[in-house]
Amino acid sequence: MPLDGPDEWPRITDLSHLEPENFKFRNTQFLNDDDQPYDTGMGYTQPELRRQIWNVRNGDLRCVLEEFPQDEPIREQCALWMHAVVGKHFFPDANHRTAVALLRRLLRQNEIAYKLWSIDRLKEAREQSHAVRAEIEPVHLDTLWRQDRLYDVWLRFFEDELFVHPYR
Numbered sequence: 503m504p505l506d507g508p509d510e511w512p513r514i515t516d517l518s519h520l521e522p523e524n525f526k527f528r529n530t531q532f533l534n535d536d537d538q539p540y541d542t543g544m545g546y547t548q549p550e551l552r553r554q555i556w557n558v559r560n561g562d563l564r565c566v567l568e569e570f571p572q573d574e575p576i577r578e579q580c581a582l583w584m585h586a587v588v589g590k591h592f593f594p595d596a597n598h599r600t601a602v603a604l605l606r607r608l609l610r611q612n613e614i615a616y617k618l619w620s621i622d623r624l625k626e627a628r629e630q631s632h633a634v635r636a637e638i639e640p641v642h643l644d645t646l647w648r649q650d651r652l653y654d655v656w657l658r659f660f661e662d663e664l665f666v667h668p669y670r
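Going by this note's numbering, the first residue of the sequence shown is number 503, and it counts up by one from there.
In case anyone wonders, no lab produced these hints; they're calculated from the structure. This structure is a prediction, so every number in the text was calculated from the model and none was measured. Ideal Cβ placement from N, Cα and C applies to all residues, glycine included. Careful, some of the hints might be misleading.
Claimed, not checked - Computed spacing ranges between beta-carbons, pair by pair:
| hint | residue 1 | residue 2 | range |
| --- | --- | --- | --- |
| 1 | G545 | D516 | 36 to 44 angstroms |
| 2 | G543 | D509 | 36 to 44 angstroms |
| 3 | N557 | H632 | 17 to 25 angstroms |
| 4 | P575 | R607 | 13 to 21 angstroms |
| 5 | E626 | H591 | 25 to 33 angstroms |
| 6 | E613 | G545 | 40 to 48 angstroms |
| 7 | R513 | Y546 | 35 to 43 angstroms |
| 8 | G545 | E574 | 21 to 29 angstroms |
| 9 | D535 | L618 | 46 to 54 angstroms |
| 10 | E661 | P549 | 36 to 44 angstroms |
| 11 | P508 | P549 | 38 to 46 angstroms |
Please take these sequences and the hints and turn them into a complete structure.
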């Protein structure tokens, strides 16, 4: 049974379980996954892609963790997380997959139980996100938490899909 309205739901307040290397490790797992293509369209070899992943500055990824808006309601937090990781586009590919995987980890580590998201709705949001990202101003470290059209795509997704339950 879901908790009362979203204003009553817990928030992500503990990001201490994540380090910059967790982003890189997770993205590298997607690179190594034969079942899900890692495609940049640029013809890079796997070693070149691995080097690009691990060359992302730890300080840039640390900004996502240290500046995360802990006072926002959970749905807004999730939309802002996606905006920051997907919008900044830290990696050659699999930024959406990396953002979702780490967000699920954050929810679990903050003991936030939720109804599983529709895969079809997630794919739809990802497609919208790709389209909007190509149309908006680039996301930089000083605009990670901007509430623009990319944020709106993800906020609509989480309004549709994120329902918090008491943690068991």
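Okay, the hints, checked on the actual structure:
no., hint, result
1, G545 / D516: 36 to 44 angstroms, "holds (41 angstroms)"
2, G543 / D509: 36 to 44 angstroms, "holds (43 angstroms)"
3, N557 / H632: 17 to 25 angstroms, "holds (23 angstroms)"
4, P575 / R607: 13 to 21 angstroms, "holds (20 angstroms)"
5, E626 / H591: 25 to 33 angstroms, "violated (20 angstroms)"
6, E613 / G545: 40 to 48 angstroms, "holds (44 angstroms)"
7, R513 / Y546: 35 to 43 angstroms, "holds (38 angstroms)"
8, G545 / E574: 21 to 29 angstroms, "violated (40 angstroms)"
9, D535 / L618: 46 to 54 angstroms, "violated (20 angstroms)"
10, E661 / P549: 36 to 44 angstroms, "holds (41 angstroms)"
11, P508 / P549: 38 to 46 angstroms, "holds (45 angstroms)"
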